Amino acid sequence: NAGVTQTPKFRILKIGQSMTLQCTQDMNHNYMYWYRQDPGMGLKLIYYSVGAGITDKGEVPNGYNVSRSTTEDFPLRLELAAPSQTSVYFCASSSSGRAGTGELFFGEGSRLTVL
Amino acid sequence: TQLLEQSPQFLSIQEGENLTVYCNSSSVFSSLQWYRQEPGEGPVLLVTVVTGGEVKKLKRLTFQFGDARKDSSLHITAAQPGDTGLYLCAGVATGSARQLTFGSGTQLTVLP
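Top to bottom, those sequences are chains A and B. Its first residue numbered 196, the first sequence is counted upward by one per residue in the numbering used here. Its first residue numbered 277, the second sequence is counted upward by one per residue in the numbering used here.
The reader is advised that the hints may include incorrect statements.
[To be verified] Quick list of in silico lysine to aspartate or glutamate cross-link-like pairs, EDC-like style, CA-CA up to 16 Å:
1. B:335 with B:359
2. A:204 with B:317
3. A:204 with A:303
4. B:332 with B:347
5. A:239 with B:281
6. B:346 with B:330
Hints are computed from structural coordinates only; laboratory data are not their basis. Since the structure is predicted, the reported quantities are computational estimates derived from the model, not experimental observations.
Based on the provided sequences and hints, a complete structural model is requested.
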């Protein structure tokens, strides 16, 4: 019963370093999403993908990049980490392309601290 | 400013009490969802409402979508410690680019 799996769960980066947050799902969902969650701010959409090879920007894409080479994997790349990117990152997937009607399945989150 | 405003931000009550949390907006939404999130985990979907005026019940939880589709409420009857968590509303505003917008959440603590 894996669902959506994110790695790593915790990471500390120095300013200017780069890293990739991994996300994989085993539900054969076409739609995948990356959100960040800051205290008191809810979840903000960073990037999303409607299928392998197709990605698009969300509300807060600056400083991030994504790729979707397979249906299962949707890694999020942080280039030149900044303290403003300290957050909890959630990957999610859905079988429904109609946002707001289908269920989003979330991973357990990746807590990133940039010092 | 948040497209979806949730209130209250924090709520601490005793086991057995009733409570209502609210999700309000000046925009019209084609649908609204409620999620619950526990510490160290991702949000889990509770319900989706799509019709103005719709009421859905999930055991002790009652969800309502406003007639004008600009607001929603979640009412919990006889709260239990297991109800503790962060409750998030989320929706797609009509005319938006298929993006689900989340409210900032209501942190509920139910004390035994």
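Of all the hints numbered above, which does this structure not satisfy? Sort the numbers upward. No numbers; nothing is violated.
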